[in-house]
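**Q** Protein chains in written order, with the working numbering: chain A, 1 to 332; chain B, 1 to 332.
Treat the hints as calculated values from the structure; they're not laboratory data.
All residues carry an ideal CB built from backbone N, CA and C; glycine is no exception.
Don't take each hint at face value.
According to the in silico footprint, chain B covers these stretches of chain A (three or more CB under 8 Å from chain B) [what the hints assert, rightly or not]:
| id | segment |
| --- | --- |
| 1 | 108-114 |
| 2 | 187-199 |
| 3 | 251-262 |
| 4 | 265-275 |
There are 2 protein chains.
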Amino acid sequence: MKIAIDGMGGDHAPQAVVEGVVQALKEFDGVEMYITGPENIMAEELKKYDYPKDRVKIIDATEVISTNEHPVMAVRKKKDSSIVKALHLVKEGECDAIISGGSTGAFLAGCTFIIGRIKGVERPALAPIMPGRNGNFMVVDVGANVDCKPQYLAQFAKMGRIYYEAMFDTKNASIGLVNIGAEEEKGNELTKAAYQLLKEEDFNFVGNVEPRDISTGDVNVLVTDGFVGNTVLKMYEGSASTLLKMIKDEIYSAPLIPKLGAALLKPVFKKLMVKFDYKEVGGAPFLGVNNICIKAHGSSDGKAFKNAIRQTILFNERGILDTMKKEFHKEK
Amino acid sequence: MKIAIDGMGGDHAPQAVVEGVVQALKEFDGVEMYITGPENIMAEELKKYDYPKDRVKIIDATEVISTNEHPVMAVRKKKDSSIVKALHLVKEGECDAIISGGSTGAFLAGCTFIIGRIKGVERPALAPIMPGRNGNFMVVDVGANVDCKPQYLAQFAKMGRIYYEAMFDTKNASIGLVNIGAEEEKGNELTKAAYQLLKEEDFNFVGNVEPRDISTGDVNVLVTDGFVGNTVLKMYEGSASTLLKMIKDEIYSAPLIPKLGAALLKPVFKKLMVKFDYKEVGGAPFLGVNNICIKAHGSSDGKAFKNAIRQTILFNERGILDTMKKEFHKEK
């Protein structure tokens, strides 16, 4: 399998990207990596490592798209950027997949315009996996589509289900609709209409899931519009971070004995942090486009990029794209 | 001041309501309480306490509206319910305010239809105060208006600001728009349009606030549509609860030393729990209606009801209703 990776995408690029690539080459046989970015910088970075040179190619790209730029404009104008070059490698069939830790907006726009949608899919959706108390769960969409029609949500459910069942090697994944009430008639215009579409489908639709219950992880795939999905994602990250900081604040101002307690508890917190660590999970798949497109977290380190590569390989091996194409061609 | 309280509203009613009323009568001079509910049950409950009998009246109400009922239908049909009776006490001028821990839907519908809106207010909004790391913050709206127009959000900002500044005795409260990006042009159709309205106002509008940053408490008043606001509220509660349970899970399965650490840390967690305790905060004001309407948490205990009564007294003393009426009459 050949994977294009945006060498300049992410807060810690290019170092973290190259580190992740080298780790992946050692761990996963049969994968070839195409790194896009300024040739001299990439070569310099790779030099630090010992790695199988026949399985890495540097594709020169002189420009970089920053997260502050207007995504659509940047993708159109910066044809020599690391992200656009990587997208073209996929578009022209040289690579089978793309990974980027760069501007989410540019990535989504680029995947949609350059790679294109699967026939029958109205709106591709970004669908990260998140850690819950009783298991991982997936939210579709978390920001690619901020204004949605009910039928988009029905498609998000189909795509999310295919991905979740294949990646976690399970059947009959439970699908829930994010809503601010449990009963069928609750919610806004969008969720009320989406509920009616979802209950007609022949998958395991469990009904509305209230935001309070999302983080239990009891429901596998949660569908929602991109605005609410992004709010769910960011509130989860933000609340966890705030709570831990508040615990630290309290410990800091506490007397000696609780401080000692905190020291003894360290291994517990460490274990918990691993559970919450996005680096373990890989990236978020952009579902509904014609190729495998993985958005890595902006703050990814080497390990996170390596795991995104592992996820990409699995995405390919499990034939998710073909299943999705069949599902949606059928629909048309 | 005369306050009507729904004697049958809440998971622990009538016991918790009566307990809160009795505590409030002892703590706050000059307040008179009108409790609605089945006369015999209320009298039986009050008998348990020693209290100033001249400051409590039982208003017989034979029906109860449950949280499973259709709110609008229930308010229309159950004219002898504890909540509708309490609303009429306010409507007819016998009482100055209403508190209920019952069905949120019925409370909001009842306040809107029976008590009515302030002239000039398009949509009243439910606006709880929440604990952040660096201070309390307020979210307007958290569920009264699931489908919003931009101008509603501009009004939420005005109402929230008046309430926040009066209750926390501060000036120049910061107002933020909940949005999934920091830049002006980010968001969905609603937030983009609302941003333009908010920046024209002569209050301290600080721009978009991403969900990740809400729980810091750095921005005082956050405006959003009721669907997203409810998601924010419930994700915050749910994430905090999940994280604490995950900490407990880990401690439970940990060896002796971390377990000992957890025991030593108990006072720290206790202090933190007080910060997160809705019982300390009181209830959520329903802003934009013609009287003081406070929605207490469904799981309120006696202390929570007492604090909701304290909040109601403060709401009255600070002249919030008059300020709001002036603000919106001016607008018309």
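**Q** Quick one: see if chain B covers the segment 187-199 of chain A, three-plus residues with Cβ-Cβ under 8 Å.
**A** holds (count 4)
**Q** Please check whether the segment 108-114 of chain A has three or more residues whose CB lies within less than 8 Å of a CB on chain B.
**A** violated (count 0)
**Q** Mind taking a look at whether chain B covers the segment 251-262 of chain A? Criterion is 3 or more residues with CB to CB distance under 8 Å.
**A** Contact hint for the segment 251-262 of chain A vs chain B: holds, 7 residues under 8 Å.
**Q** Residue count check for the segment 265-275 of chain A against chain B: does it reach three with CB-CB under 8 Å?
**A** With 8 residues in contact (Cβ-Cβ under 8 Å with chain B), the coverage given for the segment 265-275 of chain A holds.
In summary, the one numbered hint that this structure violates is 1.
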